[in-house]
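There are 2 protein chains.
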Amino acid sequence: MAKSTARQPLSIGIDIGGTGTKFGIVDRDGNVLFSDEISTKGHAEVGTFIDELYNALSPLLENAGGVGRMKGIGVGAPNGNFYTGTVEYAPNLPWKGVIPLAKLIESKFKLPVALTNDANAAAIGEMMYGAAKGMKDFIMITLGTGVGSGIVANGKLIYGHDGFAGELGHTIIMPDGRLHKGTGKKGSLESYASATGVTFTAIEMLENSQEPSLLREVPKENLDSKAVYEAAIKGDKLALSIFEFTGKILGLALANAIMFSSPEAIVLFGGLTKAGDLILKPTREHMEANLIQVFQNKVKILVSHLKASDAAILGASALVWDMK
Amino acid sequence: MAKSTARQPLSIGIDIGGTGTKFGIVDRDGNVLFSDEISTKGHAEVGTFIDELYNALSPLLENAGGVGRMKGIGVGAPNGNFYTGTVEYAPNLPWKGVIPLAKLIESKFKLPVALTNDANAAAIGEMMYGAAKGMKDFIMITLGTGVGSGIVANGKLIYGHDGFAGELGHTIIMPDGRLHKGTGKKGSLESYASATGVTFTAIEMLENSQEPSLLREVPKENLDSKAVYEAAIKGDKLALSIFEFTGKILGLALANAIMFSSPEAIVLFGGLTKAGDLILKPTREHMEANLIQVFQNKVKILVSHLKASDAAILGASALVWDMK
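Residue numbers (this note's numbering), protein chains in the order written: chain A, 28 to 351; chain B, 28 to 351.
Honestly, I wouldn't trust all of these hints.
The list makes no distinction among identical chains, and a pair is therefore deemed to hold if it is satisfied within one copy or across any two copies.
As the list claims (entries may be wrong) - Each computed BS3-like pair below joins lysine-lysine, with the alpha-carbon atoms no more than 27 Å apart: (1) LYS325 <-> LYS213; (2) LYS261 <-> LYS135; (3) LYS183 <-> LYS327; (4) LYS130 <-> LYS325; (5) LYS163 <-> LYS351; (6) LYS325 <-> LYS308; (7) LYS160 <-> LYS183; (8) LYS213 <-> LYS327; (9) LYS327 <-> LYS135; (10) LYS183 <-> LYS351; (11) LYS325 <-> LYS123; (12) LYS98 <-> LYS351; (13) LYS135 <-> LYS98; (14) LYS308 <-> LYS213; (15) LYS183 <-> LYS325; (16) LYS325 <-> LYS208; (17) LYS253 <-> LYS301; (18) LYS123 <-> LYS208; (19) LYS137 <-> LYS123; (20) LYS308 <-> LYS264; (21) LYS123 <-> LYS308.
If you are wondering where the hints come from, they were derived from the structure by calculation, not from laboratory data.
Small disclaimer: the values here were computed from a predicted structure and weren't measured.
Whole structure, please, built from the sequences with the hints as guidance.
What follows is the structure, given as structure tokens:
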């Protein structure tokens, strides 16, 4: 198989998240041939980040037949701008202000670079290879360290007039609600329905109730969405109510998004979806409860079935095939 | 002028609102040649509504050169569906369930009919002839008896997978907030930022405070958004705080919409915009306050400058020019 595709051009997909950065080398059929991961968080300076990225990608490039076989690099990054190739004021990245990321990567790798919002990249991946294949109207929502979104309408990704559309995670769901330290805003979706948000909810609920819970035995530094999940599958009531609360907020946000662009489906992706029905059931219930009649019982909630890290890498790499 | 356009085909635009229905005969350049209005509210049955519409339009059609000169009829209606020509479960219309409105009008007038959401129609009108001329990404919001919206992205109206996109008025802005009697949902934008919503806010504020106000002298049956406006321009503090509160909710909703689709502008239209800066100033302030940095200070709030009733009639009529 390696032989028959030897002359096919390949593309590099890079998915920059708040915690880690995943990257892979992808063929036109959506096979991730090689992939790896480095830390994002660990780099206070974007320069050292790009150096490590280069060093980590180099052996993969050699394995894949050398840099000459690469058509280009596609990048998904929080607050990434398709039009300008910059990452601007990303609350979840260590680099502040306006970062000319596409340019920096282009100089280092000597390859053309296309960049967009990480969730937009994931949406393209789902549309080309995943759960949204063939759909013309859907919303992709990534539930990771933060909450990202990519909106597809009329078969096209919505970039907005300035390239920044799709920041559903920052929409305000609970006015005067929980403070988001990265943005300074109160009550945004991301401050509740991200992995970080779930941890905060756990801390709040443990503090505000006397209810016994397995979570009370978890050391504070280990109290995260994974710990909540593990307690919940053991039937821990407080852990279950953490997911119920998270689903209530997420369901409301989904209902609002549906009444806006009326998608055929919402595709969820990211760490929190691993909780399965623990989070999906309350999400679906509260979504339906907040929809006016005309939208009820017709929008699918789908969970990405692409391999954990692949959707975003695939989506980012897909940007390359559209390059002129 | 009438002579030179004598052979030009014309179109009929009909804008059905919760209270009244406006209609006009329009040429390709967007001139509303003849127009009139009937009551919507007064017709419990859609059949008698269509009869009155026919009777009211007939003299206009004669003035315009007869029905033979009409290329077709475009209709904007709440919960109107572009794909099916139906109006479905419209909370603000007297006719419940699924109404095959396009078909009913077609049978009566013997002309082809295209139908969409009233706010979508207004958006098309603004894009072709109004404040959004030349824009590829904008959101139209109609602030009338209810709150409607039309979303344009990548130069195209978003209908969604089922034709119902753009129901921003029903998105929940204040969870567990004010009950919307038409939908049974709590805290929707429409329950605050419509003419009806402003009246409710006035009643609530008068009941919950002892503050002297000109509005206390207004008979309850005359207490509406117009009365609030008239008190506010006289400097009445309570009336001003009603607009401030309305602008707070509307501004939050606009911020959320912006973070979703990142439009170049939001075009406002309808009765409430007549209050000018009384409502626009707090709206703008709260919009900016809720936006994350990347969206701040770049989205224009525009007020439709089309003649009061024209935007929706023009937009509805514009559907006709796209007919095959």
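request  = Find the hints from earlier in the document that the structure breaks and name them by number, from lowest to highest.
outcome  = 2, 9 and 21
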